[in-house]
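Could you build the full structure based on these sequences and the hints that come with them?
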Amino acid sequence: MTALVSSHASGEETPVETRVLLGNPTDGALTHELVDRLWSPGRAFPALLALTGTGSVGLFVAVVYTMTTGIGVWGNNIPVGWALGIVNFVWWIGIGHAGTFISAILYLLEQKWRTSINRFAEGMTLFAVVQAGLFPLLHLGRPWFFYWLVPYPSTMGVWPQFRSALPWDVVAVSTYLTVSLLFFYLGLIPDLAVVRDTAPERWRQRVYGVFALGWRGSARAWHHHRIGYLLLAGLATPLVLSVHSIVSMDFAISQLPGWHSTIFPPFFVAGAIYSGFAMVLTLIIPSRRIFHLERVVTAKHFDSMAKMLMVTGWIVTYSYAVEIFIAWYSGDPYERYVHLVNRPTGPYAFIFWTMLACNCLTPQLFWVKRFRTNEAVLFVAAILINVGMWTERFILIVTSESRDFLPSSWHLYRPSLIDLSLFVGTLSFFSFLFLLFLRFVPFIPVSELKDLKREIANENEPIGATEAAL
Amino acid sequence: MSEEQRRRDRWRSLEELAGAVDPDAAMEFAPGVDEPPVVGRRDLGKLLGASLMLAGAAACTRAPKGRIVAYGRQPEQNPGVARTYATTMTLGGYGTGLLVEEHEGRPTKLEGNEEHPASLGASGVFEQASLLSLYDPNRLRGVQHGTSASSFQAFARALARPSDASLEGIHVLLEPTASPELDGLLASLERRGAVVHVYEPLSRANAFRGLEMAIGRRAEPLYELENADIVVALDSDLLAGGPFHLRHARKFAERRRVPSDGRSDVGMNRLYAVEPALTVTGSVADHRLRSRRSDIIHVAAAVLRETLALLSSPPAWALRVLPSLASAREAPDATRWALAVARDLVGHRGRALVAVGDAQPPRVHALGHLINAAVGAIGGPVRYVEPASRRLGAHTGDLASLLAEVDRGKVDTLVIVGGNPSYTAPADLEFARRVGTVRERMYVTEYANETSRIARWLVPAAHYLESWGDARAKDGTISFVQPMIEPLYGGKTSSEVLSLLQGEGATGGRELLLRHWRAARDGFDDLFPEALKRGVLGESASDEVSFDEHKFASSLDLVFPSDDRRLELAFQPDAHARDGAFANNAWLLELPDPITKLTWGNAACLSTMTARRLALRTEDIVDVRVGGLSLKAPVLIVPGHADDCVTLSLGFGREGDEELARGVGVNAYALRTQAAPWAAHGVDLVPTGERASFAITQEHSAMEDRPIALAATIDELVRDPRRFADRNRVTPTLYQVKPGATQQWAMTIDLNICTGCSACVVACQAENNVPVVGKEGVLKGRAMHWLRIDRYFEGSADAPAVHHQPMACQHCEKAPCEYVCPVGATVHSDDGLNEMVYNRCVGTRFCSNNCPYKVRRFNWFDYNRDKPETLRMAMNPDVTVRARGVMEKCTYCVQRIRETEIRSHTHGVPIRDGDVRTACEQACPTRAITFGSIADPTSRVSSLRRDSRAYAVLHELGTEPRTRYLARIRNPSPDLLP
Amino acid sequence: MITRGIIAEYGTPEELVAAVRELRAYGLGDLDTFTPYPVREVEPLIGVRRSPIPRWVLAGGLLGAALAYLIEWWCAAVSYPVIVGGRPYHSAPAFVPIAFETAILVASLTAFVAVIVYARLLRLYDPVFETPGFERASVDRFWVAAFVDATVFRELEADAAGLRGKLESAGAMRVVLFAGPS
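Protein chains in written order, with this note's numbering: chain G, 1 to 470; chain V, 1 to 978; chain Z, 1 to 182.
A couple of the hints might just be wrong.
Said to hold, decoys possible - If you anchor each label on the Cβ, the simulated ranges turn out as follows:
#, chain 1, residue 1, chain 2, residue 2, range
1, G, 456, Z, 132, 28 to 34 Å
2, Z, 169, G, 238, 47 to 53 Å
3, G, 370, V, 797, 55 to 61 Å
4, Z, 132, G, 29, 21 to 27 Å
5, V, 794, G, 370, 56 to 62 Å
6, G, 185, Z, 29, 31 to 37 Å
7, G, 152, Z, 123, 32 to 38 Å
8, V, 908, G, 144, 41 to 47 Å
9, Z, 123, G, 424, 43 to 49 Å
Everything labelled a hint here was simulated from the structure, so no lab data went into it. Keep in mind the model is a prediction, meaning the values are calculated, not measured. Note that CB positions come from ideal geometry on N, CA and C, so glycine has one too.
See the structure below:
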């Protein structure tokens, strides 16, 4: 595949890879370019939908089997009480972090390159969190009592136990899902109006009209919308940091060697954003090809995301180093065993080294500018990082559990067929939802892009989101 | 209405009820009995052996016939309140007194009877597990003739003989018995021409013949370990196997306790052991010498030689043996060892003893007794008494002679009572083939097993909890067997069957018993109720035997076997199945072997070095070939195993109708011959290239230098009595929340006297309705035992130190499991228990993840769904049966605590120390487990927690466990210190 | 009631701004613009006041936090105090995460609802929709509307050309007088 740099080198005054929007289309042209595909899906679409749909059915079957037969159909045991279920949970919830990070934090930081990919990332977030939420439910011995984690008044007169991190988790994840959805929808309203107004058939106009909530684009509406959006961004920023911090506390509040670590919250957040960006790339690179988004998803975007991968990748690498150093420095025999013996040389050593290779070496590619903008390299790297982050959660959870304090209770864990089909099933279900998203939702924020286009046009008087809001 | 009055009414009504029930009537079984059971998708049903359902059995009370008398003083019957009765379980012919806990007519738990010499209140794994055998749905139901169902009346017609008819041609084959009643019955049959044969695979013949060689007459040796400073066990697992092992363990432990200040002058005993494969006894020995079974005779001779050499005035008989002793060729390391042992023995004259195992040839037993005589043990810690019965210690020759008679066509009717000779008889006897020629073959058995194939008549045998009878202990003490429940499957006792030959038709067991004893003792009817109540007949122990010192050792011709360096095969009784009698008992099948922690099967055990020499790994399947016989068996490498020797345990590889036993393990009897019942030479292990998988509950045996099971030598403790103190102090904390009830429950476990025998594990399983998960479950790491025994090896793989550490919920005051539970399903009670609220648990398993002791168990499936009705009857009604998806764990037997509290409340008497005993504590033969309240500073548990050896496992985590351990103290001989 | 006014369509934001100035100069006060994306310059001209939403959000956040913490404290320390891992009944640090998350949750919900209310959404019909070509207001056209009462509307009808001329000279592609029920 040819690098974007060359493919768009059409002698414009500024070097291509700094542009977030190529060419100079009229508002109308741009609008139709981005919206019209909603009426004409590609040929591959039905096939893909069928494929992922089948996978989702498989997921459903595995879920029903687990619920009816018992959690014993998984490979879990004592000591490994949590295994793939929680690995997948943390992996998915981690992926779900890039969306809000891109939309909220980059919004506050006024990063122009955020604009054309943010809704894409938000969609990914929503669907990833849905997958994530499935596992804490499923891994319960008695899932039908999950609501006991919520303080509702009952005749039992007993309440959740708020010292445990699991109720924190419930609140954090459900809050995250809700706020992500609000944020996503608030940003979507003007574009839904666009679709309403450009839809060919009457019924589409009606349907989208309902979802557009009667948006007219009035100046006052724009003003309040902008403020509200800004506030949500401001709220989502600490939220996105807190959610994975709380997820990390599921482990950190315990005293299991390898879990009981104060570095976990920042370490987890960095890892989450790391894997999130990797997943965004995994999804956007093919989509860009399929939907011809070269104009709005440019080398600049790839370049910036690659840089994000480097930063977060380094934080993750640093965290690994600190964990190991502290384990050695603490002199605690159990910590030392986990970090210095069990993980590097134990029965799961292969997975450990895979993790290091994928998570620490891969981002080093992006020291080279050419790689930062080469779709092929980026795609492969993104896949590797996805794999790496999954193995990280596996190492973290399973190695620590399988060999803890008393050697007498050490026991290895092997995933069962159901374990694996659940994971594959969520991958399918995720893709399924994402395909529907691409099919029915304007996944490139049209209005924001037009706004951005104008902003770029008169660079001489830049209008930043924040400044305008005040 | 007086207590007595009330009793009589109750009993009369029960007799009527019992009279109304005719055990043989087919009507007794509800419709559907013959239909196969519903086997659930999770084949727990199969696992627990669901065969025919005894419909409604769980509900109905099956009160036994005849008046049975409650143990001690009991409140009047009261639904929900358990009552206790004394009875006797017979194993290998010897009786052990037990107490049976009974709920509404269902025996639900067995305990030892403190008044019985063989029990002293303790019980072993087989005693505990025998309860489950009672309810085993695989037991034979009803009489069978050929392939068709028949009735006991029909059988009676076939067997009965007129009282004056000769019984020529009638042969009876039974297991050894010391039952006076049965003995008398057999004698009367013999007088009329019947021939009685006795066979048991784990025969004590060698012990009797060896002692005969030494002292010139038949006698039973008794070992009184309480009087022994030095104990030498030659291939003898006297602490966990054989008659009186519970007593041995108890008395051994009494001399093992170390006072808090660790003074060395308390005469802590010292145990030496020589054995091929690690046994419980060898694992707690201060010095253990691994040696092939056939080489032990040399070690024994060397010890005797050195002992006599050290004696200032050797006994007269020494001259007879000394010459031949010179030709003992023990291994070089054994010489040093023997010298040290001899020094110790002589240094403690009159306070030392040698015990020899039944697997050793008579000569070694003789040598052992000579050593005992030389060091003045006889009359001291060793006593010789009259054998409880002449039908004990039968030799294999007895079975051979039966078959010889069969071949000569002298046998018209063969009545096999109990046992399973087709399976257990030496392979070269070809028992099953040869008895086929007998005209009438009758078999009284609990199961349709290998032997039932060759029988034309099958009669269900009564379980001892369904029987009337009597038994004698090793020391001769007489105790009675009283039924707790009407035979579930119409089972008959040996006497009930054999009495048919006396020509009075079918007679009830109780009547037979009374008839015998009324004849044997006048005024018996006055003694009987008291004897039933206490479980023992007073003053019934055997007399000591007298023998002539001059004839000592005269009949002993001491020749040593030719030196055979080829690979040796040694047979062992199995820790789960014993000789095969318990091979269908789920509790025992899943009970980890005390040493190998192997469940659901047996293995060919090898030493590391031998395995390396033969290029074998654990789980390799080899073809074991010896003298034309062969058997495929999986290899298991065990530390501390003797080189050039492979050990196989008996009792597995069953092919009968017992559903659990079938296909589990391999049948070592296939390699056993008359000539070599305990050790065979010239064994070849031929790799087959196949692999097996072992369900082992503990995969990692090294302690990784972690302070888990602490140990020290007595000298180290004396030098530094505070060496464990820093692991016992209260860790500083910011949290001041403390439970405030008047009782604060706690437990201590003394690793110094824990032998790892595992009786506590089965007791816990029986008391708490702990489910069985099967081989697959164990392989997946899902064994459910609330109490497990961790076993660690320390040091070299050849001579490892073995540490046993019972590990159950530690009931931490700062419990890590509690604060991570999202729904408060595990919380702390006001009396210091870490409580598990099953019906609040949603099953996140976070508690287990955060439990540093990993003692929590999870219900991965609905383990009780497909449980057959009969097995449900074994459940303890005081303990919740856990649902699928919830966590469970040791509760300190909270049901017993609450029961005691209620009783103390209703009777207005305060709870005293020792009123509450947990199931594990009650079963423990050595009393290593102590339970009580630390709110009372004078309680045993409080003082033990102040002991210098007391410590908390993983103390540094600050969990403040309520269970404390007492470090193990070894007492090595200064001569053998490296 | 009847909404009356005049509405004009422009091709660029700049023309729109000029038009707004024209209308103000003409003396019409109640103005609004309809644009595919925010044209921030017009906001001061048509007198958009600072949004009150932030105050609401702050209140919502504080309320959520307080509520959550109270529930935790009441459940653990008042309603059913039981010893858990030897921890204090009122384990303040452990109660913080949920309080924080709830604050975010309630604040966010407030923000969303506030936008819908203040932006006058959920009205699926508006008289201005009747204006021909108005659907391009969300695509690439910029509309400005002046809302007037009946009398002024009649004056506008009387002298249409004047204002129309002004607006068209500012680049209006179309100027429409409208009146419709709302």
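Output the numbers, in ascending order, of every earlier hint that fails for this structure.
none
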